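Colleague: Here are the chains, one letter per residue:
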Amino acid sequence: MNVPIVIADCITMLTFGVALVLVLRIPVPKEPAFGRTIRYFLVMALAVYAFVGFSNILEHAGITSILDTYEDYAEIMFVPLVAYILYTLSMGLQVEESQRAKATLFREHELLNGILETSPAGIVLLTGTGQLRFANDRAIELLELVPDDQGRLGLPLEFQSTTANGEGGLMAFAEDTASASRVCTVYFGGRRKTLSVSSTPLLADGYQSGWVLTFGDITEQEEARRALEDAERTYRLQLEDTVNERTAELIETNRRLELANMAKGQFLANVSHELRTPLNSVIGFTQLLLGELPGPVNAEQRVQLGMVRDSATELLTLVNDILDLERIETGNTVVEVEEFDIRALLDKQLAMMKPLAADKGVALEYQVSGCGMVRTDPGLVGQIVRNLVSNAIKFTGAGGQVTVDAQRKDGCCVLRVTDSGIGIPQEFHGRVFDAFSQVTVEDEVKPSGTGLGLTICRDLCALLGGEIDVESEPGEGSVFSVRLPCNPPEVR
Amino acid sequence: MVQPSEVVTLLVALVLAPMIVTSVIRIRMAHGALVLAALGALLVSYIATIVEGLLLPDLFNALEHFSLAAAGLMFILLMVRLRCDERGRHFRDER
Chain A
68 MNVPIVIADC ITMLTFGVAL VLVLRIPVPK EPAFGRTIRY FLVMALAVYA
118 FVGFSNILEH AGITSILDTY EDYAEIMFVP LVAYILYTLS MGLQVEESQR
168 AKATLFREHE LLNGILETSP AGIVLLTGTG QLRFANDRAI ELLELVPDDQ
218 GRLGLPLEFQ STTANGEGGL MAFAEDTASA SRVCTVYFGG RRKTLSVSST
268 PLLADGYQSG WVLTFGDITE QEEARRALED AERTYRLQLE DTVNERTAEL
318 IETNRRLELA NMAKGQFLAN VSHELRTPLN SVIGFTQLLL GELPGPVNAE
368 QRVQLGMVRD SATELLTLVN DILDLERIET GNTVVEVEEF DIRALLDKQL
418 AMMKPLAADK GVALEYQVSG CGMVRTDPGL VGQIVRNLVS NAIKFTGAGG
468 QVTVDAQRKD GCCVLRVTDS GIGIPQEFHG RVFDAFSQVT VEDEVKPSGT
518 GLGLTICRDL CALLGGEIDV ESEPGEGSVF SVRLPCNPPE VR
Chain B
89 MVQPSEVVTL LVALVLAPMI VTSVIRIRMA HGALVLAALG ALLVSYIATI
139 VEGLLLPDLF NALEHFSLAA AGLMFILLMV RLRCDERGRH FRDER
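Residue numbers (my numbering), protein chains in the order written: chain A, 68 to 559; chain B, 89 to 183.
Isolated chain B, as found in the complex:
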């Protein structure tokens, strides 16, 4: 069954996604691709959460949880890179 909160979460994510993407591009954020990939994985989990209520619950449930795990790994990788990257002091890719 589809939860209303899950739908709201997905809608909020979809509304804010363009702004997030343009911001990452505009400020030329260091490792911006990794940030967008992590957020994309979260978006997949949001969609999988809703779809599991409609069809193939086991598959989409697994997809939801594995997507969350993948997003977590990407975020930890992002933190490690920001910590090590000298250019990351300014959160900006100066290349």
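One chain only, chain A, in its complex shape:
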């Protein structure tokens, strides 16, 4: 007995035997036919060599060699069995893979179907020849697709669109490059829908194999947009009509105001003229009586005649001021520009004001520095000087002083009338140039005057291209400054 050989044979029998048992526990392909086949033939293959081992043990242990012949034939089966097992395994694995791929494909298909059917957009798939290959429910609803005799979906006969008509109409929506959505209007008989359409070409192996069209129903949005445009247009027209009406009303009102203004001016001119004539007569004859030309007058008569004369003069001044103001405001004042000496003008104007100043006990002086010849309207400048000086004298008490100075500054002639009168509170500075506005001071007698003098000065300054300003504090007198350009605006 060859002990090592017997031991090797024992190992052979035991290992193949145990392996045979373990075959029953190994995982095999899930497909039952393949799994059972593989296990069956693997058991047979391993049983072959378990038997060979057993036969060799009996032979080499000297027990019997009767199994030796069967052992040789059994060994022939082993390798073919292994080959068949591997073949079956290969088939089983392929079937498993195929089933897994089918399951995956089914899941993906179901998912895609779900997406297509629940999509709010209509999705249509066209083949390369323009045939309708697929349309989801939304597309069928939007395009009202109907089956033909062969059951293939297509556009209804009454379909028309701004880009396509009837047969083959869907191809008109397809474009060779991916396009952003565009708006199309489609008609189904008398019904209209507005759709947004986008087209994407399908490529396979570099060749165009069809198109994917998506449709969205924007009928409501388009109708809302049109309604908004209509409303906007209507509103705009109404607004234009309203504006035209208001403009016509304003023009009519303006015309009436102009007429009223003209009537007012005419009235003022007539009334002023009618007032001036008798006033001049009153003043003239009063002067005659005061001059005792018809005969002597007593003291009482002199006083009363003086009062009549003063009242008539004041009334005449008011009438003249109103007329001046009216002429300026209506643009009837003519600016006659000429070159003159400002010193000569002040000489003349202040000579006329000196008696007024002397009567009130107010000193009147003037000075000119660096302001010789100026180019403006001497008449209007004289009127400004007269008004400012008479105002200054009016508001300055006895013993006070009024000074006029003229100087050239920054190309302008600056005339300043300074008085040592009652002054003007700060809050009245903006109102002193308003018509009929007079500053009254507490405990002081209201001064005489029309309240138009400064208004006329302001308007005349504006006419000459200049400006007037006041600096004053109560009790400290006032300074009125007139700034006139040496080259005034055009003559009117």
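These are calculated hints, taken from the structure and not from any lab test.
Computed from a predicted structure; not experimentally measured.
No residue lacks a Cβ here, since even glycine has one placed at the ideal position from N, Cα and C.
Warning: the hint list may mix true and false statements.
What the hints assert, rightly or not - Which bits of chain A does chain B cover? Going by a derived footprint, with three or more residues having C-beta under 8 Å, they are:
id	segment
1	138-149
2	154-162
3	281-292
Use these hints to put chain B onto chain A, whose structure you have.
Modeller: Frame of chain A, contents of chain B only:
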């Protein structure tokens, strides 16, 4: 003396060996090297069985039986690994 059945066994094994090897490689069988090694050991035993009839009978006889034992050990190891290997569920090496 060479038995005819031993020669047929060897010829069948040699004819089917390429198909077996390509199948193992193609399906990427888990522990395919172990399978091929076990089959190789069997092939050695087939050859040793024939050669022992021509020369050195004791040596080649021993080689035959030890090769069978080795093939058995490899097969049992293969079964154990297939049982334990999760990837072995599909008999395929997924690495």
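Colleague: Indicate, hint by hint, whether the structure satisfies it.
Modeller: Against the structure, the hints:
no. : hint    : in the structure
1   : 138-149 : holds (count 8)
2   : 154-162 : holds (count 4)
3   : 281-292 : violated (count 0)
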